[in-house]
Structure formats: C-alpha cells, structure tokens
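S.K.: The working numbering applies: residue 39 is where the sequence shown begins, and numbers increase by one.
The hints are simulated quantities; they were obtained by calculation from the structure and are not laboratory data.
Using N, Cα and C, we set each Cβ at its ideal position, and we do this for glycine too.
Possibly wrong hints are sitting among the right ones.
[Stated by the list, open to error] No farther apart than 30 angstroms at their CA atoms in a straight line, the calculated lysine-lysine pairs in the BS3-like style are these:
(1) Lys-94 <-> Lys-73
(2) Lys-123 <-> Lys-73
(3) Lys-171 <-> Lys-118
(4) Lys-160 <-> Lys-171
(5) Lys-171 <-> Lys-123
(6) Lys-73 <-> Lys-118
(7) Lys-94 <-> Lys-118
(8) Lys-94 <-> Lys-123
[What the hints assert, rightly or not] Pairwise CB distance ranges (calculated):
(9) Pro-63 <-> Arg-173: 33 to 41 angstroms
(10) Asn-57 <-> Glu-192: 22 to 30 angstroms
(11) Gln-115 <-> Gly-214: 37 to 45 angstroms
(12) Asp-218 <-> Ala-83: 21 to 29 angstroms
(13) Gly-155 <-> Asp-98: 17 to 25 angstroms
(14) Pro-84 <-> Asn-153: 18 to 26 angstroms
(15) Arg-112 <-> Gly-214: 42 to 50 angstroms
(16) Asp-218 <-> Pro-180: 37 to 45 angstroms
(17) Arg-170 <-> Phe-75: 36 to 44 angstroms
(18) Phe-156 <-> Ser-136: 18 to 26 angstroms
(19) Gly-107 <-> Gly-41: 33 to 41 angstroms
(20) Gly-215 <-> Pro-84: 34 to 42 angstroms
(21) Lys-160 <-> Gly-52: 35 to 43 angstroms
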Amino acid sequence: DQGCDWVHVDVMDGHFVPNLTFGPPAVAAFRPHVKTFMDVHLMIAPVDPYIEAYAKAGADMITAHVEAGPHIHRTLQAIKAQGVKAGVSLNPGTPLSSIEYCMDLLDMVLIMTVNPGFGGQKFIHSGVEKTRKVREMIGDRPIHIQIDGGVTPETAPLVSAAGADVLVAGSAVFNGGSVDTPEVYGANIRAIREAAEAAQ
39 DQGCDWVHVD VMDGHFVPNL TFGPPAVAAF RPHVKTFMDV HLMIAPVDPY IEAYAKAGAD
99 MITAHVEAGP HIHRTLQAIK AQGVKAGVSL NPGTPLSSIE YCMDLLDMVL IMTVNPGFGG
159 QKFIHSGVEK TRKVREMIGD RPIHIQIDGG VTPETAPLVS AAGADVLVAG SAVFNGGSVD
219 TPEVYGANIR AIREAAEAAQ
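Please work from the sequences and hints to get the whole structure.
M.R.: Here it is in structure tokens:
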C-alpha cells in the first residue's frame with residue numbers, strides 16, 4: 039500500500055549464504071497478501087530441486103545465482119518450464135562472462151552490490167560499472183536489470199544512470215518505520231524512486 043512496484047523475497051539456505059529465511063510454505067502463506075509482482079530470489083544451492091515448489095508457492099519470477107550450480111542453462115530452462123519469468127543473479131566478484139551465453143533465456147539480470155546474506159551492508163561501487171556493461175550486453179532484448187544491496191537515495195541514481203530499472207531496497211525502506219507508521223515506508227520508497235528517476 040505504500041508504493042512498491044514489486045515484492046522481492048530473499049530465500050536463503052544457510053549454506054550458499056550465511057543466513058536462513060523462507061521455505062516454499064512461507065512464500066505460499068504470504069502470496070495472498072501480496073497484490074504486486076512477486077520476485078523470489080533463491081540464494082540456495084542446489085537450486086534446481088526447489089524451483090517447482092517456489093513456482094507453485096506463487097512466484098512470478100524466480101532468480102537463481104549463476105554460482106549455485108554448474109548448469110545455469112538447465113536451471114533457467116527449468117524455471118521457464120514452470121511458466122514463470124527467469125532471472126539470474128551475480129555476486130559482486132562474479133564476471134559477466136558467466137552469463138554471456140544464456141542472455142536469450144533471461145527476463146532479468148540481478149547484480150548484487152553487496153555480498154549476499156545480510157541486510158544493511160555498504161554498497162559496492164564496482165557494481166555501477168558492472169551495470170553499465172550488462173546494459174550493453176542486453177542490447178535491445180527486453181531484459182530488466184535489478185540491483186540488490188545498499189540501495190539508498192544516494193546510490194539509486196548511480197545505478198539508474200548506468201541502466202538499472204529495478205531496485206531492491208530493504209534497510210533504506212524499513213528504517214524509521216513500524217507497523218504503526220507505515221507512511222514512513224512510503225516516504226522512503228518515494229525518496230529512492232525520485233532519486234532514481236531524476237538520474238535516468
């Protein structure tokens with residue numbers, strides 16, 4: 039209700055990343071309460087055995103890490119076979135060459151601008167140039183570029199100007215608000231959106 043366009047769900051397994059979050063039953067439980075596009079980011083390994091469960095739980099898009107297994111084509115094909123959109127995520131130290139030959143299977147490239155696992159980390163600025171290079175790789179394909187990590191009103195313009203069109207914000211949205219003051223969340227979202235749009 040406070041103006042977000044998508045809901046981004048971080049799924050962590052305590053193995054691929056050092057934190058533990060939601061399984062498919064939790065995603066299915068809050069799907070009826072989410073009226074916007076639900077983007078499920080799987081920070082798990084292996085990923086392929088769980089794709090069907092998250093699709094059935096209500097994901098509109100499933101994003102898998104290129105680092106999570108040796109067969110990213112197979113993973114993306116499995117996601118598409120479930121009738122949902124497919125994204126691929128790259129950790130900060132992962133080269134773009136790892137996705138060069140699967141671009142035609144993608145609906146989105148997620149560029150991590152922190153090392154995944156915990157919120158509230160500092161933005162890694164090399165992600166700006168990485169974003170610019172991904173935009174060049176995409177060319178005229180209808181592929182989103184999503185930025186996840188350290189997104190604030192200060193960093194949003196940097197990645198927006200470089201070509202990102204989907205920004206994930208956690209701490210910058212929820213800081214200062216509560217269930218009793220949801221309008222704070224809305225103000226934080228607007229600040230990020232306005233900063234990003236001004237840089238386009």
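S.K.: Compare the structure with each hint and give your call.
M.R.: Here's how the hints hold up against the structure:
no.	hint	verdict
1	Lys-94 <-> Lys-73	holds (16 angstroms)
2	Lys-123 <-> Lys-73	holds (17 angstroms)
3	Lys-171 <-> Lys-118	holds (25 angstroms)
4	Lys-160 <-> Lys-171	holds (22 angstroms)
5	Lys-171 <-> Lys-123	holds (22 angstroms)
6	Lys-73 <-> Lys-118	holds (22 angstroms)
7	Lys-94 <-> Lys-118	holds (13 angstroms)
8	Lys-94 <-> Lys-123	holds (13 angstroms)
9	Pro-63 <-> Arg-173: 33 to 41 angstroms	holds (37 angstroms)
10	Asn-57 <-> Glu-192: 22 to 30 angstroms	holds (25 angstroms)
11	Gln-115 <-> Gly-214: 37 to 45 angstroms	holds (43 angstroms)
12	Asp-218 <-> Ala-83: 21 to 29 angstroms	violated (39 angstroms)
13	Gly-155 <-> Asp-98: 17 to 25 angstroms	holds (24 angstroms)
14	Pro-84 <-> Asn-153: 18 to 26 angstroms	holds (20 angstroms)
15	Arg-112 <-> Gly-214: 42 to 50 angstroms	holds (43 angstroms)
16	Asp-218 <-> Pro-180: 37 to 45 angstroms	holds (41 angstroms)
17	Arg-170 <-> Phe-75: 36 to 44 angstroms	violated (25 angstroms)
18	Phe-156 <-> Ser-136: 18 to 26 angstroms	holds (23 angstroms)
19	Gly-107 <-> Gly-41: 33 to 41 angstroms	holds (36 angstroms)
20	Gly-215 <-> Pro-84: 34 to 42 angstroms	holds (36 angstroms)
21	Lys-160 <-> Gly-52: 35 to 43 angstroms	violated (23 angstroms)
Of the hints listed earlier, those the structure fails to meet are numbers 12, 17 and 21, in rising order.
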